[in-house]
Each structure stands twice: as C-alpha cells, then as structure tokens.
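Student: Sequence:
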Amino acid sequence: MTSTELPAKLAEIRDDFLALEQPDRLLLLLEFAGELPALPARYEEHPDLLERVVECQSPVFMFVEVDDDARGSVHLYATAPRESPTTRGFASILAQGLDGLSTEEVLAVPDDYPNSIGLTKAVSPLRIRGMTAMLARTKRRLRASAV
Numbered sequence: 022m023t024s025t026e027l028p029a030k031l032a033e034i035r036d037d038f039l040a041l042e043q044p045d046r047l048l049l050l051l052e053f054a055g056e057l058p059a060l061p062a063r064y065e066e067h068p069d070l071l072e073r074v075v076e077c078q079s080p081v082f083m084f085v086e087v088d089d090d091a092r093g094s095v096h097l098y099a100t101a102p103r104e105s106p107t108t109r110g111f112a113s114i115l116a117q118g119l120d121g122l123s124t125e126e127v128l129a130v131p132d133d134y135p136n137s138i139g140l141t142k143a144v145s146p147l148r149i150r151g152m153t154a155m156l157a158r159t160k161r162r163l164r165a166s167a168v
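Numbering of the sequence shown is given in the numbering used here, commencing with residue 22 and proceeding in unit increments.
Just so you know, not all the hints are guaranteed correct.
Claimed, not checked - Restraint ranges, calculated between C-beta atoms of paired labels, are given here:
no.: 1; residue 1: D133; residue 2: A40; range: 14 to 22 Å
no.: 2; residue 1: E26; residue 2: R164; range: 18 to 26 Å
no.: 3; residue 1: E65; residue 2: E104; range: 14 to 22 Å
no.: 4; residue 1: E42; residue 2: H96; range: 27 to 35 Å
no.: 5; residue 1: P58; residue 2: R150; range: 22 to 30 Å
no.: 6; residue 1: D45; residue 2: D90; range: 32 to 40 Å
no.: 7; residue 1: P131; residue 2: Q43; range: 17 to 25 Å
no.: 8; residue 1: R164; residue 2: D133; range: 16 to 24 Å
no.: 9; residue 1: V75; residue 2: G121; range: 23 to 31 Å
Calculated from the structure, these hints are not laboratory results. Treat the numbers as computed from the prediction; the structure is a model and nothing was measured. From the three backbone atoms N, C-alpha and C, an ideal C-beta is built for every residue, glycine too.
Please model the entire structure based on the sequences and the hints provided.
Tutor: So, in structure tokens, the structure goes:
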C-alpha cells in the first residue's frame with residue numbers, strides 16, 4: 022500500500038502532521054491525546070477484556086472489535102493515563118484513524134505508518150515503537166479473529 026492508498030482518515034492525519042513544523046506537531050499530538058475516545062461502558066465494567074500493550078512505556082490497554090456487518094467494520098478502543106499524553110495521542114490517532122475501516126483495510130495499513138507522521142524527531146524511538154506495537158496488536162487480533 023503506497024501512501025496515496027492509505028485510508029482517507031489516516032492519510033488526512035498524516036498530512037495534517039506533515040503540514041506543521043516540529044513544535045506544532047507535538048501540539049497536534051496533544052490535541053489527539055485529549056480526543057482519545059472514551060471506552061464503551063461494556064469495557065469500563067470489564068477491564069479484563071482489554072489487552073495490555075507491554076511495549077508501551079505507559080500502561081496502555083486496548084481491545085479490537087469487528088462488527089458483524091458485511092464490511093467487518095473495525096473499532097479500536099484504548100485507554101492510557103492522562104499523564105501520558107504522547108501515548109494517549111498515539112492511541113487516539115489509531116482509534117480515530119482505523120475506526121469503521123474494514124478488516125482488510127486495517128490489515129493493509131503499512132506497519133511503518135507511525136514513522137510516516139513526522140514525529141520521529143520530536144519523540145523518542147521508544148515512543149514510536151509503542152505506537153507501532155499498538156498497530157501490530159490490532160492487526161494480530163484481526164488475523165486471529167478471522168481464523
């Protein structure tokens with residue numbers, strides 16, 4: 022999948038970041054951190070359903086859902102502490118960017134998408150690896166549910 026073939030929402034997010042200078046990219050990441058969708062009640066009441074992303078420095082938990090509709094629409098739910106805005110921002114980018122895509126569309130997202138949004142000079146490689154791990158776990162869950 023080339024960058025022009027990215028799903029529209031992910032391409033828009035990437036382009037929004039790349040249109041900014043480095044300091045402003047961090048501000049945009051903070052905006053995403055504040056926009057991390059809340060967990061649906063069914064997960065708030067059953068945190069045991071969420072999977073910990075151990076590659077992240079901060080405690081991040083996530084769950085991937087696939088609708089029974091014809092497209093197999095994907096929904097990624099994640100939680101991260103408010104005092105971890107970088108991690109929350111990355112989780113929010115993925116939750117918003119992948120929401121409603123088909124399983125096939127999510128599986129086709131390049132594994133290095135986190136490197137493409139222009140934050141590799143602004144945040145540590147360890148933080149970028151955390152976002153890469155979130156994307157990888159999402160794909161692994163989708164592959165497992167397809168079997």
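Student: Against each hint, give a clear statement of whether it holds in the structure.
Tutor: Outcome of the hint check:
no.	hint	in the structure
1	D133 to A40: 14 to 22 Å	holds, 20 Å
2	E26 to R164: 18 to 26 Å	holds, 20 Å
3	E65 to E104: 14 to 22 Å	holds, 19 Å
4	E42 to H96: 27 to 35 Å	holds, 33 Å
5	P58 to R150: 22 to 30 Å	holds, 23 Å
6	D45 to D90: 32 to 40 Å	holds, 38 Å
7	P131 to Q43: 17 to 25 Å	holds, 22 Å
8	R164 to D133: 16 to 24 Å	holds, 18 Å
9	V75 to G121: 23 to 31 Å	holds, 27 Å
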